[in-house]
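If you read the sequence shown in numbering that gives the first Met the number 0, its first letter stands for residue 0, the second for the next number, and so on.
Hints in this document: simulated from the structure, not taken from any laboratory.
Just to be clear, a hint being listed does not mean it is correct.
To be verified - In silico DSS-like pairs for lysine-lysine, Cα to Cα no more than 27 Å straight-line:
#, residue 1, residue 2
1, 1, 38
2, 181, 432
3, 432, 1
What the hints assert, rightly or not - Pairwise CB distance ranges (calculated):
#, residue 1, residue 2, range
4, 171, 386, 38 to 48 Å
5, 10, 67, 43 to 53 Å
6, 324, 67, 41 to 51 Å
7, 66, 419, 51 to 61 Å
8, 49, 331, 14 to 24 Å
9, 57, 178, 23 to 33 Å
10, 45, 2, 13 to 23 Å
Ideal Cβ positions, reconstructed from N, Cα and C, are used throughout, including at glycine.
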Amino acid sequence: MKEQLADILDQVLRRNPGEREFHQAVREVFESLEPVLRKNPQYVDAAVLERLCEPERQIIFRVPWVDDEGRVRINRGFRVEYNSALGPFKGGLRFHPSVYLGIVKFLGFEQVFKNSLTGMPIGGGKGGSDFDPRGRSQGEVMRFCQSFMTELYRHLGEHTDVPAGDIGVGGREIGYLFGQYKRITNRWEAGVLTGKGLSWGGSLVRTEATGYGTVLFAERMLGTRGQSFDGRRVVVSGAGNVAQYAIQKAQQLGGHVVGCSDSTGYVLDERGIDLPLLQQVREAERLPVSVYAERRGATFVPGRRVWEVGAEVALPCATQNELDEDDAAALVRSGVLAVSEGANMPTTPAAVALLTEAGVLFAPGKAANAGGVATSALEMQQNASRDAWTFDYTEQRLAGIMHGIHDRCLATADEYGQPGSYVAGANIAGFTKVADAMLALGVV
Numbered sequence: 000m001k002e003q004l005a006d007i008l009d010q011v012l013r014r015n016p017g018e019r020e021f022h023q024a025v026r027e028v029f030e031s032l033e034p035v036l037r038k039n040p041q042y043v044d045a046a047v048l049e050r051l052c053e054p055e056r057q058i059i060f061r062v063p064w065v066d067d068e069g070r071v072r073i074n075r076g077f078r079v080e081y082n083s084a085l086g087p088f089k090g091g092l093r094f095h096p097s098v099y100l101g102i103v104k105f106l107g108f109e110q111v112f113k114n115s116l117t118g119m120p121i122g123g124g125k126g127g128s129d130f131d132p133r134g135r136s137q138g139e140v141m142r143f144c145q146s147f148m149t150e151l152y153r154h155l156g157e158h159t160d161v162p163a164g165d166i167g168v169g170g171r172e173i174g175y176l177f178g179q180y181k182r183i184t185n186r187w188e189a190g191v192l193t194g195k196g197l198s199w200g201g202s203l204v205r206t207e208a209t210g211y212g213t214v215l216f217a218e219r220m221l222g223t224r225g226q227s228f229d230g231r232r233v234v235v236s237g238a239g240n241v242a243q244y245a246i247q248k249a250q251q252l253g254g255h256v257v258g259c260s261d262s263t264g265y266v267l268d269e270r271g272i273d274l275p276l277l278q279q280v281r282e283a284e285r286l287p288v289s290v291y292a293e294r295r296g297a298t299f300v301p302g303r304r305v306w307e308v309g310a311e312v313a314l315p316c317a318t319q320n321e322l323d324e325d326d327a328a329a330l331v332r333s334g335v336l337a338v339s340e341g342a343n344m345p346t347t348p349a350a351v352a353l354l355t356e357a358g359v360l361f362a363p364g365k366a367a368n369a370g371g372v373a374t375s376a377l378e379m380q381q382n383a384s385r386d387a388w389t390f391d392y393t394e395q396r397l398a399g400i401m402h403g404i405h406d407r408c409l410a411t412a413d414e415y416g417q418p419g420s421y422v423a424g425a426n427i428a429g430f431t432k433v434a435d436a437m438l439a440l441g442v443v
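Model the full assembly from the supplied sequences, consistent with the hints where possible.
Okay, here's the thing in structure tokens:
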């Protein structure tokens with residue numbers, strides 16, 4: 000079985016040259032699957048793995064737009080509709096200069112398993128562009144979004160493909176995208192995008208969901224050892240949406256959050272992060288965290304990573320491969336108890352190995368940050384029924400989903416002889432649900 004997995008992996012690497020993030024994501028899942036394939040040879044016979052590693056559809060398109068000086072700009076747009084065995088393609092759009100096909104495929108591959116773990120009827124996909132919204136005016140962002148949707152709209156639909164936000168795509172961008180979709184199609188199809196504004200079809204808790212879910216998963220992990228967030232020293236990477244609401248939920252649960260970061264460096268605030276001030280700086284004014292540190296009287300450390308601060312709970316909420324082996328070693332030396340990934344694949348394989356060998360509770364992103372897409376699916380439910388739920392009810396649903404994912408991961412890891420491994424449990428539980436659906440649908 001190991002040889003068969005190695006052969007399939009070699010084939011994936013050859014067919015997708017240069018896509019290192021995608022290779023990493025596939026390899027990480029394959030490392031968990033040998034006992035599954037041994038127990039379920041029908042997955043091998045039906046080439047489920049080979050099919051899972053090949054997206055159903057990959058769309059690449061030109062995005063022309065005009066800047067404020069009247070110059071024509073060109074960006075590249077992507078949508079990878081990865082797997083729809085469980086439901087319509089579902090996954091965010093990322094606007095960032097680092098976006099290329101390999102990033103989008105890695106995110107889409109991860110999304111398939113993440114969406115499976117939620118138990119909701121949604122498949123996996125991802126998209127975005129190498130457009131950078133930072134430093135652009137409102138008008139420039141609007142014109143870019145309108146041009147982007149003018150091409151993408153033909154591939155979307157509430158029963159086909161339902162995008163949401165990701166890095167660089169927040170409520171403002173979702174609004175512009177939805178407006179253009181509505182204008183082109185002449186349909187108020189609320190379920191075609193999630194992360195919408197509350198006044199026009201959005202769901203309460205959706206804004207908070209990814210960060211909240213990451214912390215709720217960590218709280219459940221700590222509970223397996225009779226521990227909690229109460230009084231724990233916490234550091235969070237990032238300072239965007241996911242990081243902000245991870246900070247908020249950790250503070251609500253009694254955690255003492257002392258650090259956050261952005262691409263310029265990190266803030267150390269021993270008094271505890273002042274979330275309203277951070278949101279003012281980052282969201283209202285769109286300024287770096289160094290400005291927060293200056294106004295707060297906190298320490299700003301340029302060009303360094305927040306992990307060197309040390310903490311009992313670490314929440315990587317920024318981007319892929321942001322926590323490496325040296326960072327993991329620093330966290331272990333500081334006595335870290337748990338690491339819960341709010342971002343997608345933010346911890347390198349070597350760092351994951353070091354953390355798990357040290358006995359640190361480790362939650363992979365496909366499990367720990369599934370709260371965002373789960374609440375997107377709840378938003379789709381509300382749209383379909385022309386209903387709107389209260390904050391408390393929606394948060395209860397989110398908590399139930401996250402606790403269910405946690406418990407499913409642990410139970411699956413036990414079933415397949417890897418007790419306590421959230422990585423193995425998440426990979427196997429996510430895979431088997433999708434694989435069974437693919438077998439039921441025939442050779443598609």
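Next item on the list: Take a look at whether the Cβ-Cβ distance between residue 324 and residue 67 falls inside 41 to 51 Å.
Entry: Given range 41 to 51 Å: holds, Cβ gap about 44 Å.
Note to self: A range of 51 to 61 Å was offered for this pair. Does it hold for the Cβ distance of residue 66 and residue 419?
What the structure shows: 53 Å, holds
Notebook entry, point to check: Is the hinted pair residue 181 and residue 432 satisfied, with a Cα-Cα distance of at most 27 Å?
Noted result: Status violated; Cα separation ~34 Å.
Check: Quick one: are residue 10 and residue 67 within 43 to 53 Å, going by C-beta?
Finding: 47 Å, holds
Next item on the list: Would you check the hint for residue 1 and residue 38, treating anything up to 27 Å between C-alpha atoms as holding?
Entry: 13 Å, holds
Notebook entry, point to check: Is the hinted pair residue 432 and residue 1 satisfied, with a Cα-Cα distance of at most 27 Å?
Noted result: Holds. Residue 432 to residue 1 sits at ~22 Å (cutoff 27 Å).
Next item on the list: Go ahead and decide if the range 14 to 24 Å is satisfied by the Cβ distance of residue 49 to residue 331.
Entry: Given range 14 to 24 Å: violated, Cβ gap about 38 Å.
Note to self: Given a hint of 38 to 48 Å, does the C-beta separation of residue 171 and residue 386 actually sit inside it?
What the structure shows: Cβ of residue 171 to Cβ of residue 386: about 25 Å, so the range 38 to 48 Å is violated.
Notebook entry, point to check: How does the Cβ-Cβ distance of residue 45 and residue 2 compare with 13 to 23 Å: does it lie in that range?
Noted result: For residue 2 against residue 45, whose Cβ atoms are near 19 Å apart, the range 13 to 23 Å holds.
Margin query: A range of 23 to 33 Å was offered for this pair. Does it hold for the Cβ distance of residue 57 and residue 178?
Written below: 27 Å, holds
Of the numbered hints given earlier, the model fails hints 2, 4 and 8; all others are met.
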